[in-house]
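Using our numbering, the letters of the sequence shown map in sequence onto residues 395 to 548.
Careful: at least some of the hints might be erroneous.
Using 25 Å as the maximum straight-line C-alpha spacing, the simulated DSS-like pairs for lysine-lysine come out as follows [stated by the list, open to error]: (1) Lys-531 to Lys-443; (2) Lys-521 to Lys-443; (3) Lys-443 to Lys-520; (4) Lys-400 to Lys-526; (5) Lys-537 to Lys-443; (6) Lys-521 to Lys-435; (7) Lys-526 to Lys-537; (8) Lys-520 to Lys-400; (9) Lys-443 to Lys-400; (10) Lys-400 to Lys-544; (11) Lys-544 to Lys-435; (12) Lys-520 to Lys-531; (13) Lys-538 to Lys-435; (14) Lys-400 to Lys-538; (15) Lys-544 to Lys-531; (16) Lys-520 to Lys-435; (17) Lys-526 to Lys-443; (18) Lys-537 to Lys-400; (19) Lys-526 to Lys-538.
Pair ranges (Cβ atoms, derived) [unchecked claim]: (20) Lys-544 to Glu-492: 13 to 21 Å; (21) Tyr-436 to Glu-492: 27 to 35 Å; (22) Tyr-436 to Thr-481: 33 to 41 Å; (23) Glu-514 to Lys-400: 21 to 29 Å; (24) His-495 to Asp-459: 13 to 21 Å; (25) Pro-513 to Leu-437: 36 to 44 Å; (26) Ala-539 to Ile-516: 32 to 40 Å; (27) Asp-421 to Lys-531: 15 to 23 Å.
Calculated from the structure, these hints are not laboratory results.
Built from N, CA and C at the ideal position, the CB exists for glycine as well.
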Amino acid sequence: MLTTPKHGWTDFQLDGTSVYSLSYLSDIPFEWLTQAITALKYLTPFCVKGNMEPGRFLCTVSFWDCHVLCEEEHSSSLKKKDAEQETAPVSMLQFCQELYHDINRDLDAWAAFQHDAQPENIAYRKKSLAQKLQQLKDLIAEKKADFDQKRAFF
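Produce the entire structure from the sequences given, and follow the hints as far as they go.
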């Protein structure tokens, strides 16, 4: 889903969607992990965002699908010509599992994924990310049965 960051950029792709290059202007590891943790804890859909320079990227994660929306940098409306939309059959649990895997795979690179990350901050960021990853891992294990049994969330 997310490639290892390189030079302040990561690529995002879900099965059946385009590849979206996202920059360090959004603190993807922290923002996305925080959103995923809250969503799984309360079993509620959530949205993650990114900056494509130019353009904005949004991915709404519902229970059974993900909806990607990209809009032009200076667009004030979502006219069809100004926005690109795609849907992927990726559940909230799958999204969270992939997010966990992708960030955990190279924690050092994700800790440094910030335009002004100083060496002393990177160690703190790495520790904080590890804590968030553990929270997400625990929630994935706790909520797995709900998704396996396709329980109603409402």
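Going through the hints against the structure:
1. Between Lys-531 and Lys-443 the alpha-carbon distance is near 21 Å, which keeps this suggested pair within the 25 Å criterion.
2. Between Lys-521 and Lys-443, the direct Cα distance comes to roughly 23 Å. Compliance with the 25 Å bound is thereby established for this hinted pair.
3. Between Lys-443 and Lys-520, the direct Cα distance comes to roughly 21 Å. Compliance with the 25 Å bound is thereby established for this hinted pair.
4. Distance check on the hinted pair: Lys-400 and Lys-526 sit about 22 Å apart at the alpha-carbon level, within 25 Å; holds.
5. Simply put, Lys-537 and Lys-443 have alpha-carbon atoms about 24 Å apart, close enough for the 25 Å limit, and the pair holds.
6. Taking the CA atoms of Lys-521 and Lys-435, the gap is about 21 Å. The hint holds against a cut of 25 Å.
7. Among the hinted pairs, Lys-526 with Lys-537 is consistent with the structure: their alpha-carbon atoms are about 16 Å apart, no more than 25 Å.
8. For the hint pairing Lys-520 with Lys-400, the CA-to-CA distance comes to about 17 Å; that is within 25 Å, so the pair holds.
9. A C-alpha spacing of about 19 Å is found between Lys-443 and Lys-400, which places the hinted pair at or below 25 Å, so the restraint holds.
10. A C-alpha spacing of about 37 Å is found between Lys-400 and Lys-544, which places the hinted pair above 25 Å, so the restraint is violated.
11. Of the supplied pair hints, the one linking Lys-544 and Lys-435 holds, its CA atoms being roughly 16 Å apart against a limit of 25 Å.
12. A distance of roughly 16 Å separates the Cα atoms of Lys-520 and Lys-531; the hinted pair therefore holds under the 25 Å criterion.
13. About 12 Å separates the Cα atoms of Lys-538 and Lys-435, which keeps this hinted pair within 25 Å; it holds.
14. Proximity of Lys-400 to Lys-538 is assessed by CA-CA distance (about 32 Å); at most 25 Å being required, the pair is judged violated.
15. This hinted pair checks out: Lys-544 and Lys-531 have alpha carbons roughly 20 Å apart, not beyond 25 Å.
16. Taking the CA atoms of Lys-520 and Lys-435, the gap is near 23 Å; set against the 25 Å cutoff, the hint holds.
17. With a CA separation close to 18 Å, the supplied pair Lys-526 and Lys-443 stays within the 25 Å bound.
18. For the suggested pair Lys-537 and Lys-400, the alpha carbons sit about 32 Å apart, so the restraint of at most 25 Å is broken.
19. Taken as a hint, the Lys-526 and Lys-538 pair is honoured in the structure, with Cα atoms around 18 Å apart against an allowance of 25 Å.
20. For the pair Lys-544 and Glu-492, the beta carbons lie near 19 Å from each other, so the given range of 13 to 21 Å is met.
21. Roughly 20 Å separates the CB atoms of Tyr-436 and Glu-492, a value that falls outside the hinted 27 to 35 Å.
22. In this structure, Tyr-436 and Thr-481 break the distance hint of 33 to 41 Å, their C-beta atoms being roughly 23 Å apart.
23. The hint said 21 to 29 Å for the Cβ distance between Glu-514 and Lys-400, and at roughly 23 Å that hint holds.
24. Between His-495 and Asp-459 the C-beta distance comes to about 20 Å, which sits within the given range of 13 to 21 Å.
25. Our hint of 36 to 44 Å for Pro-513 and Leu-437 holds, since their Cβ atoms are close to 39 Å apart.
26. Checked against the given bound of 32 to 40 Å, the beta carbons of Ala-539 and Ile-516, roughly 37 Å apart, stay inside it.
27. With their beta carbons about 20 Å apart, Asp-421 and Lys-531 fall inside the hinted range of 15 to 23 Å.
Going down the numbered hints, you'll see the structure goes against 10, 14, 18, 21, 22, while the others check out.
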